[in-house]
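Chain by chain, the residues run as shown.
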Amino acid sequence: MPGYHYILVSLALFFIGTAGVLLRRNAIFVLMSLELQLGAGSLALLTFARGLGDQRGHVVAFFLMALAAAEAAVGLAVMVAVYRTRKQIDLDGIHELRN
Amino acid sequence: MNLMLSAPSLLEKIAFWVLAGGVLGGALITVTRKSSVGALMALVATFCAMAGLYATLSAHFLAVLQILVYAGAIMVLFIFAVMIMNRDEENPIALRGLFVRTAGVIATGYIFYRAAWIVVHERQTDVLATSATLPIPNYGNVASIGRLLFTDFLFPFEAVSLLLLAAVVGGVLLSRPSRPADGGGAV
Chain A
1 MPGYHYILVS LALFFIGTAG VLLRRNAIFV LMSLELQLGA GSLALLTFAR
51 GLGDQRGHVV AFFLMALAAA EAAVGLAVMV AVYRTRKQID LDGIHELRN
Chain B
1 MNLMLSAPSL LEKIAFWVLA GGVLGGALIT VTRKSSVGAL MALVATFCAM
51 AGLYATLSAH FLAVLQILVY AGAIMVLFIF AVMIMNRDEE NPIALRGLFV
101 RTAGVIATGY IFYRAAWIVV HERQTDVLAT SATLPIPNYG NVASIGRLLF
151 TDFLFPFEAV SLLLLAAVVG GVLLSRPSRP ADGGGAV
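If you read the protein sequences in the order shown, they are chains A and B. All residue numbers for the first sequence refer to the working numbering, where the first residue is 1 and numbers rise by one. All residue numbers for the second sequence refer to the working numbering, where the first residue is 1 and numbers rise by one.
None of these hints come from the bench; they were simulated from the model. Mixed in with the good hints, there may be bad ones.
For each label pair, taking beta carbons as the anchor points, the in silico distance ranges come out as [stated by the list, open to error]: (1) A:GLY93 - B:ILE14: 39 to 49 Å; (2) A:ILE94 - B:ILE79: 15 to 25 Å; (3) B:ILE67 - A:ILE94: 29 to 39 Å; (4) A:LYS87 - B:LEU163: 25 to 35 Å.
Bear in mind the structure is a predicted one, so any value in this text is a computation, not a measurement. Think of the CB as a built atom: it goes at the ideal place given N, C-alpha and C, for glycine as much as any other residue.
Bound conformation, chain A alone:
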């Protein structure tokens, strides 16, 4: 398939992830939407790597995957710690870091 099909899928996926981050209030859903955005980024990386015939895009996508794992680990740990003290993970209800 032509590469621009993949780029269009990647753009749509990133847009869905952005809408999820902006509209959802549950922190778990926000983290899942962030994973969708990272996946869209690596899909675009692999498409351009294929188009350019350059395998270094694969290496960058590999690092992106490790970064997503680290982000999920730290983000979920923060949410567990917040849930333990506040008994909620609604992002609108957490004002600890404001001011």
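Using the hints, position chain B against chain A.
Here is chain B on its own, set in the frame of chain A:
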């Protein structure tokens, strides 16, 4: 897939559209679902379909890693988090500041619409057109990516391993119940 790369054959088209539909439909279900567990299962399906898309781009190593890391490890982490704090939402869309958020989504949608327009407009360029043959013989398999990782990208590779270690230790430290008696220093 190597046999089908000469032209977009019917089988390749079917594979692409099924996988792309799976990715986008799964992502939509993930974002709009009320229950966390249903959204997680949709996210697993999304990542499996995305691994299929990687395989059609002849990125076989990344496709296998996508299944292992995303659909395996990260999803298990999410499932544990959902088990700890399982609360289905009454109204999943945030009501406070809804106007500002909707305006933000519309603005991002416009940006992505313009980006898609640019991509469609430039579809005849070499990068975005189909590449009929594989650039090099063993493109995207474990041997070539591994050779690249351990030669040119050795330092970033080790740095990422250190980053993962720091993230895991930080995660343990954050999610551990705080006991004021030990002073918090000894792990």
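CB-CB spacing for ILE94 of chain A and ILE67 of chain B relative to the 29 to 39 Å hint: holds, 34 Å
So the hint says 15 to 25 Å: do the beta-carbon atoms of ILE94 of chain A and ILE79 of chain B match that? Given a distance of about 23 Å, which is inside 15 to 25 Å, the answer is holds.
Outcome of range test on Cβ distance (GLY93 of chain A, ILE14 of chain B; 39 to 49 Å): holds, 46 Å
Taking 25 to 35 Å as the hint, is the beta-carbon distance of LYS87 of chain A and LEU163 of chain B inside that range? The hinted range 25 to 35 Å holds for LYS87 of chain A and LEU163 of chain B, with Cβ atoms some 31 Å apart.
The structure shown violates none of the earlier numbered hints.
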